[in-house]
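Given next are the chains, with one letter for each unit.
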Amino acid sequence: SQQGEEDPQALSIQEGENATMNCSYKTSINNLQWYRQNSGRGLVHLILIRSNEREKHSGRLRVTLDTSKKSSSLLITASRAADTASYFCATVSGANNLFFGTGTRLTVIP
Amino acid sequence: EPEVTQTPSHQVTQMGQEVILRCVPISNHLYFYWYRQILGQKVEFLVSFYNNEISEKSEIFDDQFSVERPDGSNFTLKIRSTKLEDSAMYFCASATRGTETQYFGPGTRLLVL
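So the sequence lines, in the order shown, correspond to chains F and Y.
122 is the number that our numbering gives to position 54 of the first sequence; each next residue is one higher, with no gaps.
1281 is the number that our numbering gives to position 16 of the second sequence; each next residue is one higher, with no gaps.
Among the hints, a few may not be true.
[Stated by the list, open to error] Heads up, incomplete: computed chain F residues facing chain Y, CB under 10 Å, no partners named:
1. 98
2. 101
3. 113
4. 116
5. 167
Think of the hints as simulated: they come from the structure by calculation, not from any bench.
Note that the structure is predicted; figures quoted are calculated from it, not measured.
By construction, the Cβ of each residue, glycine as well, lies at the ideal position given by its N, Cα and C atoms.
Chain F extracted, bound-state conformation:
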């Protein structure tokens, strides 16, 4: 299976702190995408990083990709209570379908 696996499964931090979530996968990829899901709601796309990229930023988000280690990380800086959600990495390979990991449940305490 090529699904990404996130680590940790759950993370609880204080507002203002940084949150780092990691993702590992098993096969070669075209790109890796991070999504956010509020409880019982839809998936919101956060950022896409291609296999030839090593780092990407979007606002308070920073994503890194290490294809040699088959891993990616998502950093949320200066977290807010509204960042409380589940975060998923999803890999895209030749078939262009998303394979999701199990997610990290982030709780930001005000």
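Add chain Y to chain F, keeping to what the hints say.
Leaving out everything else, chain Y in the frame of chain F:
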């Protein structure tokens, strides 16, 4: 900002009944997908659709499932004879190209009794 829409938001059905889940992808997108998420589990790929035909399907997408793009805007998922284990949140997604960002709809929560 354009978004993917799905109807209904919730559907309750009896085992053995047929259900049709509807999606309106973003208008200039060419690639369409269905995913499902059983409660508490990861999001799973069901099927991808491009150029009016299925591009790829998972082992979950058996003969009970079918997809259709009946007109220029709608994209539907039909489950012919629902089973209890079909209870899940079903997400539609669309993309401009297969290697680009997939934008998800809000989902349809299906409950099979």
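Against the structure, the hints:
1. 98: 5 Å, holds
2. 101: Hint holds; residue 101 of chain F Cβ to chain Y Cβ min 7 Å, cut 10 Å.
3. 113: At about 5 Å, which falls below the 10 Å cut-off, the nearest Cβ of chain Y leaves the hint on residue 113 of chain F intact, so it holds.
4. 116: With a closest approach of 5 Å, the residue 116 of chain F hint holds.
5. 167: 7 Å, holds
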